[in-house]
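Which chain is which? The protein sequence lines are A, B, C and D, in order. Numbered per this note's numbering, the first sequence spans residues 3 to 375. Numbered per this note's numbering, the second sequence spans residues 3 to 375. Numbered per this note's numbering, the third sequence spans residues 3 to 375. Numbered per this note's numbering, the fourth sequence spans residues 3 to 375.
Simulated from the structure, these hints should not be mistaken for lab results. Just so it is clear, the structure is predicted and the values come from calculations on it, not from any experiment. Ideal Cβ placement from N, Cα and C applies to all residues, glycine included. Wrong hints could be hidden among the right ones.
[As the list claims (entries may be wrong)] Taking lysine-lysine and the DSS-like style, the derived pairs with C-alpha atoms no more than 25 Å apart in a straight line are:
hint, chain 1, residue 1, chain 2, residue 2
1, D, K115, C, K115
2, B, K115, D, K115
3, B, K115, C, K223
4, A, K115, B, K115
5, A, K115, D, K115
6, A, K115, C, K115
[As the list claims (entries may be wrong)] Derived list of chain A stretches under chain D, where covered just means 3 residues or more per stretch with a C-beta under 8 Å from a C-beta of chain D:
hint, region
7, 84 to 92
8, 104 to 111
9, 131 to 138
10, 236 to 248
11, 272 to 283
[What the hints assert, rightly or not] Short derived list, chain A residues pointing at chain D, Cβ under 10 Å:
hint, residue
12, S28
13, Q101
14, R121
15, M161
16, N162
17, S262
18, E300
19, R304
20, A305
Protein chains: 4
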Amino acid sequence: MATVREATLDLLRALGMTTVFGNPGSTELPFLKDFPDDFRYILGLQEATALSMAEGYARETGNASLVNLHTGPGLGNAMGNLVTAWHNKTPLVVTAGQQDRRHIALEPLLSAKLVELARPYVKRSHEPYRAEDVPGEIHRAYHTAMQNPQGPVFLSVPMNDWDAEAEPFTAREISHRSAPDPEALEGVARALTEARRPVMVAGSGIARAGAFHDAVALAEKLGAEVWADPNSPLSGFPQDHPLFRGHLVLAQKKVSELLSPYDVVLVIGAPVFQYYPYVPGPVVEEGTRLFHVTDDPEEAHRAAAGVSVVGDAGLAIRHLTQLLPDTERRPPAAPEPPSAPEATTPMSVNYLMRAISDVCPEDTMFADESASS
Amino acid sequence: MATVREATLDLLRALGMTTVFGNPGSTELPFLKDFPDDFRYILGLQEATALSMAEGYARETGNASLVNLHTGPGLGNAMGNLVTAWHNKTPLVVTAGQQDRRHIALEPLLSAKLVELARPYVKRSHEPYRAEDVPGEIHRAYHTAMQNPQGPVFLSVPMNDWDAEAEPFTAREISHRSAPDPEALEGVARALTEARRPVMVAGSGIARAGAFHDAVALAEKLGAEVWADPNSPLSGFPQDHPLFRGHLVLAQKKVSELLSPYDVVLVIGAPVFQYYPYVPGPVVEEGTRLFHVTDDPEEAHRAAAGVSVVGDAGLAIRHLTQLLPDTERRPPAAPEPPSAPEATTPMSVNYLMRAISDVCPEDTMFADESASS
Amino acid sequence: MATVREATLDLLRALGMTTVFGNPGSTELPFLKDFPDDFRYILGLQEATALSMAEGYARETGNASLVNLHTGPGLGNAMGNLVTAWHNKTPLVVTAGQQDRRHIALEPLLSAKLVELARPYVKRSHEPYRAEDVPGEIHRAYHTAMQNPQGPVFLSVPMNDWDAEAEPFTAREISHRSAPDPEALEGVARALTEARRPVMVAGSGIARAGAFHDAVALAEKLGAEVWADPNSPLSGFPQDHPLFRGHLVLAQKKVSELLSPYDVVLVIGAPVFQYYPYVPGPVVEEGTRLFHVTDDPEEAHRAAAGVSVVGDAGLAIRHLTQLLPDTERRPPAAPEPPSAPEATTPMSVNYLMRAISDVCPEDTMFADESASS
Amino acid sequence: MATVREATLDLLRALGMTTVFGNPGSTELPFLKDFPDDFRYILGLQEATALSMAEGYARETGNASLVNLHTGPGLGNAMGNLVTAWHNKTPLVVTAGQQDRRHIALEPLLSAKLVELARPYVKRSHEPYRAEDVPGEIHRAYHTAMQNPQGPVFLSVPMNDWDAEAEPFTAREISHRSAPDPEALEGVARALTEARRPVMVAGSGIARAGAFHDAVALAEKLGAEVWADPNSPLSGFPQDHPLFRGHLVLAQKKVSELLSPYDVVLVIGAPVFQYYPYVPGPVVEEGTRLFHVTDDPEEAHRAAAGVSVVGDAGLAIRHLTQLLPDTERRPPAAPEPPSAPEATTPMSVNYLMRAISDVCPEDTMFADESASS
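In isolation and in its complexed conformation, chain A is listed as follows (with noise of 0.2 Å):
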């Protein structure tokens, strides 16, 4: 018969998330204990590291990544950067070991509060009732981490269900994505198709969909000029295509202005929109027709303005790209890039960022928190 543990290892087998990110304490070794060979563990030095590179790795995967971590104070640790992953909707199962049941009741030492502790940031935070469901509640952490939209999920595990003798589990197939309402998308489309000159607002749901591709499609067989998110986790569109127009930026008035030429708008995959400093103005102008296209319910009902289609970004831009007829429509050209700024005393923020670039190799990484510049 199986222990919990063997039964657990052998679905994250076939979840594919032998990689464990981590940093571990007495309460996660009887997880960890005859680590196997085929599995491994990225040890952060901090479980803020952990966390956040567990995060990188769901990113290039498109898998949910698995992060261990040291209870209270561990899962603490890690809660600033699991509130990035939540606004990032990155898939994580993120799990922290709990005290022997045993005595828990007593509250020993390294007992915590993580069911509570986690909640805020993650689409569901449990504890399991039995030793025995431990291996069916990390599926379904996996699933509904990895369901539209996507977010970190929590799991606490007592220290002493590992051992525990296991039921059989096995895993199943679940779909992650759903698609629009295909009526709702025919108003969209019928939208567009009459728009003198429409607007696309593209958001990293598309690139969380793998739709990044299809995202250059429907621009170009609808005509449409297009900006991205202010503030993307990832990129929704490739900035250097000739439809590409910049970033939004962060304020209600300034975004209603670099709409104002565009009759019809069509926000993809992003909010509507994401605002920073409090600047009151429209939403749109008036007159402005605005379509958004969500796969998360919750941006959909807190939208500021339009319409909103709730769906998979992937399958949405597909399926308009299908109903959406051949156009004659041709924008604009885009606007000359800015010339190279002026040296001053002290430098400019632009000065430096171009110099920067102007020194960098082709393919250098830039990792930028500097969000006001």
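Could you slot chains B, C and D onto chain A? The hints should help.
For chains B, C and D alone, coordinates are given in the frame of chain A:
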């Protein structure tokens, strides 16, 4: 300039919510004063009744009902029936009056932890940040309630918010259902096409999607027998149809026995499966293929077995009917109905039920809360 | 070896909780089967009633009452009256039956989010980690309910826990009240000693502490007039005592006017102050010194004004009476009682109340829920 | 008229909280602008560090420290150390900047679920209902943090609240500690008086109550040996006192063995008991009487055995010392200190610790996070 109350009344008109169910007290009066002629107020003698009338009204109209309860004790009285509305996935916008914002920090009489009280059994539980946000939050509550999977939503409104000056607000259009992933649905269609003796299990999700008649067309095209979910709040299939075979039971072992003659099982709009006593057994017998269509991702993720596809039952049924070829398949004839139960002392449940049935007029409507018989 | 059910019955005997109030269903039956002869079960036709009978019983016996409700809908029905019990600080141990642990992960019929449902209006809401923990958690629930400030506590018990084998458990003795800091109390005594015309505001905390008669001794030694909290569930001072002056009202401005003749106000066992409509004004007029004794730290921290001392009202009153010197102070005579209200058409509230009072026998007990009259 | 910011700065001066620990971002700037000269800001390079510096400062000053963190990610980064501060019962007022109330309904960048995020590890987590409530809520947070049992408290402040017009607010005096029930304490004194060989277990609650030297007086009057809590954040008894016998260990069986020579055990300011690995055994051996004094009711209610008395450790110790008669009791001499560990290969932990100790100056301060050695 309109008040928050006036702006909200206009919004409720736009959303088709001019019937209010409730039992008011002082904290609700600022909303109810000068009650407009085109609205009506249905008074429940206790809050549980008010909420349940609203639930029936939502089912009949196909639109979310508006419920207005009296702060903590009023919402508290209704929580039992809110649990039921949650399980029934009934769209409700439940509101309650909170104390005046200007002294709520002192926790005066009738201030209450309303958001926390409602939270476990609503899709969203909220108290607006500002009086000006009230109409927008009612709008968000409405769409959240109507979005698949539907359900109740709660909003707490401080009593002095209603007289504040409103910001302009306009109702928006939001699509409330998503379709299953077309690729996943093709997989289901293939399995059904190849089936020797397929069976459908029809749940209340079919009725919620307005697809009662579409389900008949699918069953007939497929040549499949049909069972009903054991404990559905709504009927997904006509019980007098020749393909109808009865209701599943609420126990694991028994369900697998009932489904053992079939090689492919398609569950639509119901959990896999709904159990009640703990009677362990296989979910379905080995070799039986199980498919599951539901608009509720959580229902998919926790299903006991099978391949789950997430999306609206009506869109799924119509799409599947299109994908399926005509069939030669002829299901076996329905078993004979049971003969009339004999009179015994004491009387058997079956005898009693038959006797009641015999004497009632054709169009009698039963409200039955004797789950065990 | 005893079962969890047997060990729990023994514990309940030790805690004096052999009377059970409730309305049971299948999830509670494993606890109720073979119900012992020395226990009694008081059936409420609805759960709200069961809980309120338990509240009255706790008040009369001075011991926490045991309430046993039927899973989600049953606990839900009782939530309104649980809100009231919470505000009344009544010690209750409320339990409800959860589904069988062995299939609760599938969320079968009658599984429920019980812990979350009760949480906002109990001191502790919990579901044991293991069947073996049930007696210990009932013990902890009992002492948490009885500890100052008293209040209801909730425990969810999975239905199959009752038949598990118990670990040995013995009831422990825990002190349920703390005394005010003696140094802080000396400060209060000094101010009262120096007062020209002191006043006491007596709240239900005095009754909860069993100090009704001690409060009379304090008022007499101090030579202070006494007002009652406006809306007390329990009486802290005899209303026919010559020092009694009536009930405060539920509005800020009016309270400060009523207290304006006094230079030192001592509020015991009540909030500072309980308000209802928002009628801004000073809490007490400038120059009036305000002291506050309560066993509820939160009541101290949110008080609108004054010096707060946290501790049991009875210990505080007896200690203050010791500290105070004899006084020459003689409060003014009580005002004449209002003359009989005149008969008018329509009848006045006061006339009606007087008329009822005139015709009722001396020992009539009133249950009054007309707060506004 | 003062702004909320000005009123808050005055309040912070009155509460002795003019030192701010944090790591700010845009949502905190409205509070920090024109930072007054009599305040100082201690910048942590990461939020975890800022919070821990504040914890040390609170311990040294005996007053709650003020921590100001940057919305969701900032609070998130600090959660690990907030878990620790919670277990250490350190009084902290932790604040974070929330987005501007006027557009928070749109969930702009840097809006966050702050109240939910902090809640599991603070005594109170709150966001004010109105800008005008900010000073009052900081006041309430301060007193909640300082009230026994002390601990961290969280307050979220929308960034535009600081510039709103303030309502007048004055700091109030609140007593922060309660005394044990005098009757319960007499019972403890009786048992100690009758004891053959009593023992004290001294926890960090003694240090929190400022009763380090009082504990020595009690132990000497009682003639009792003293053990320390195994893992105290603060020391409750001088380790070089002749009555000191060492630290208990974190395992149930071992604790009962260590305490087996004693007939009466008095635990003050510590849990009964703090365990870590699950090593079942008796809590204390049969016949040993166990008494427990703690200012934390939850610690009393979940204690594994014994008679618990709830109240301030310092007030308890001084009262007990008064109640106890002089004694002839003479505890056995302390065992010889262990001889110097021998050098081995590999080096033993004891050898290493001793070697470090030998070479360090007398006044070295150690920060030790190697719990297992």
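Outcome of the hint check:
1. At roughly 22 Å between alpha-carbon atoms, K115(D) and K115(C) fall within 25 Å of each other, so this suggested pair holds.
2. As the CA atoms of K115(B) and K115(D) are separated by approximately 17 Å, the hinted pair is consistent with the 25 Å bound.
3. Annotation: proposed proximity of K115(B) to K223(C) is violated, straight-line Cα distance about 41 Å (limit 25 Å).
4. Between K115(A) and K115(B) the alpha-carbon distance is near 22 Å, which keeps this suggested pair within the 25 Å criterion.
5. Between K115(A) and K115(D) the CA atoms are separated by roughly 18 Å; this keeps the pair inside 25 Å, and the hint holds.
6. Taking the CA atoms of K115(A) and K115(C), the gap is about 17 Å. The hint holds against a cut of 25 Å.
7. Look at the region 84 to 92 of chain A against chain D: 3 of its residues bring a Cβ nearer than 8 Å to a Cβ of that chain, three or more, so the hint holds.
8. Coverage of the region 104 to 111 of chain A by chain D holds in this model, with 7 residues showing a Cβ closer than 8 Å to a Cβ of that chain against a need of three.
9. With 0 residues having a beta carbon nearer than 8 Å to a beta carbon of chain D, the region 131 to 138 of chain A misses the requirement of three or more and the stated coverage is violated.
10. With 0 residues having a beta carbon nearer than 8 Å to a beta carbon of chain D, the region 236 to 248 of chain A misses the requirement of three or more and the stated coverage is violated.
11. Counting residues of the region 272 to 283 of chain A whose beta carbon lies closer than 8 Å to any beta carbon of chain D gives 7, which reaches the threshold of three, so the coverage claim holds.
12. For S28(A), the shortest C-beta to C-beta distance to chain D is roughly 8 Å, which falls under 10 Å, so the interface hint holds.
13. Because the closest C-beta pair between Q101(A) and chain D is about 8 Å apart, less than 10 Å, the hint holds.
14. A least Cβ separation of about 7 Å between R121(A) and chain D falls short of the 10 Å threshold, and the interface hint therefore holds.
15. For M161(A), the interface hint holds, the least distance from its beta-carbon to any beta-carbon of chain D being 9 Å, beneath 10 Å.
16. The beta carbon of N162(A) is positioned within 10 Å of a beta carbon in chain D (closest approach about 7 Å), and the interface hint is therefore held.
17. Here the hint on S262(A) is broken, as its CB sits about 20 Å from the closest CB of chain D, past 10 Å.
18. The beta carbon of E300(A) is positioned within 10 Å of a beta carbon in chain D (closest approach about 8 Å), and the interface hint is therefore held.
19. At its closest, the beta carbon of R304(A) sits 6 Å from a beta carbon of chain D; the interface hint therefore holds under the 10 Å criterion.
20. Among the interface hints, the one on A305(A) holds; its C-beta lies about 8 Å from the nearest C-beta in chain D, closer than the 10 Å criterion.
Comparing the model with each numbered hint stated earlier shows that hints 3, 9, 10, 17 do not hold.
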